[in-house]
Amino acid sequence: GENVEQHPSTLSVQEGDSAVIKCTYSDSASNYFPWYKQELGKRPQLIIDIRSNVGEKKDQRIAVTLNKTAKHFSLHITETQPEDSAVYFCGGGSEKLVFGKGMKLTVNP
Amino acid sequence: DSGVTQTPKHLITATGQRVTLRCSPRSGDLSVYWYQQSLDQGLQFLIQYYNGEERAKGNILERFSAQQFPDLHSELNLSSLELGDSALYFCASSVMQGARYGYTFGSGTRLTVV
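Sequence order for the protein chains is A and B.
Our numbering applies: residue 35 is where the first sequence begins, and numbers increase by one.
Our numbering applies: residue 126 is where the second sequence begins, and numbers increase by one.
Please note that the accuracy of each hint is not assured.
Distance ranges between label pairs, derived from CB positions [said to hold, decoys possible]:
(1) D196(B) x T103(A): 37 to 47 Å
(2) V88(A) x R147(B): 34 to 44 Å
(3) E113(A) x E200(B): 37 to 47 Å
(4) G50(A) x D126(B): 29 to 39 Å
(5) T103(A) x E207(B): 40 to 50 Å
(6) L80(A) x R147(B): 16 to 26 Å
(7) V220(B) x Q94(A): 42 to 52 Å
(8) N87(A) x M221(B): 17 to 27 Å
(9) Q115(A) x V239(B): 35 to 45 Å
(10) R235(B) x K138(A): 12 to 22 Å
(11) E90(A) x D196(B): 38 to 48 Å
(12) S190(B) x E39(A): 27 to 37 Å
Think of the hints as simulated: they come from the structure by calculation, not from any bench.
C-beta: ideal position from N, C-alpha, C; glycine also.
Given only the sequences and the hints, what does the whole structure look like? Please build it.
Now the structure itself:
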């Protein structure tokens, strides 16, 4: 069945460093790949997404890349700030979204 | 406010009981998705409805059921509750069926089974 795997599960960086989160997916029919940020006790919020006809997308300090051949996509956060600390989920799918297990990012001041 | 409303925000109940979680999608959204988030677990897909019809099922237990009403709100019914059912339950909505339309999540219902 559809599966999305995400790694690493935790990441700790110093303020100003870059962070990279990687995800792989199993369903070749997947055509939409969003990234959500979830702060403690709050709802997941969409931060960026990419569709299967695009290889890369950037929005200020965040960027996402997609490699359809290898079935993996990545989130890149540059110049990290303490407020970037949260759990990040990758998702993928066509009819419905399947999510990875999340990565807890800690940005140390 | 995302526009997706979930009630109640918190629910504490005993094992063996039955509860109903409610979700009102964003205005104009026809699809509703339910997800379960347990401690240290990701978002587990439970079930999807589109315009009143069930469209996809995930790892939803037989003790759980859901429906979407003509006014498009949805209810998730959890029965014979067990301690392991304690989790955050999120509802998400999208304008049409299909992942490519994107999801908007509600604030969730935190269920605690004691």
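Outcome for the supplied range 37 to 47 Å, where the beta carbon pair is E113(A) and E200(B) | Because 44 Å falls inside the window, the suggested range holds.
Lying within 17 to 27 Å: is that true of the beta-carbon distance N87(A) to M221(B)?
-> At roughly 18 Å between Cβ atoms, M221(B) and N87(A) fall inside 17 to 27 Å, so the hint holds.
How does the Cβ-Cβ distance of V88(A) and R147(B) compare with 34 to 44 Å: does it lie in that range?
-> holds (37 Å)
Indicate whether the distance between the beta carbons of S190(B) and E39(A) respects the range 27 to 37 Å.
-> The hinted range 27 to 37 Å holds for S190(B) and E39(A), with Cβ atoms some 29 Å apart.
Could you tell me whether the CB distance from L80(A) to R147(B) stays inside 16 to 26 Å?
-> holds (23 Å)
Do the Cβ positions of E90(A) and D196(B) conform to the proposed distance bound of 38 to 48 Å?
-> This hint holds: roughly 41 Å between Cβ atoms.
Starting from the range 42 to 52 Å, see whether the pair V220(B) and Q94(A) falls in it by beta-carbon distance.
-> violated (26 Å)
How does the Cβ-Cβ distance of R235(B) and K138(A) compare with 12 to 22 Å: does it lie in that range?
-> holds (19 Å)
Hint check for V239(B) and Q115(A) - Cβ pair distance inside 35 to 45 Å | holds (39 Å)
Is the gap between the beta carbons of T103(A) and E207(B) within 40 to 50 Å?
-> holds (43 Å)
Per the hint of 37 to 47 Å, is the separation of the Cβ atoms of D196(B) and T103(A) within bounds?
-> holds (44 Å)
Does the Cβ-Cβ separation between G50(A) and D126(B) fall within 29 to 39 Å?
-> holds (33 Å)
Checked against the numbered hints given earlier, this structure breaks only hint 7.
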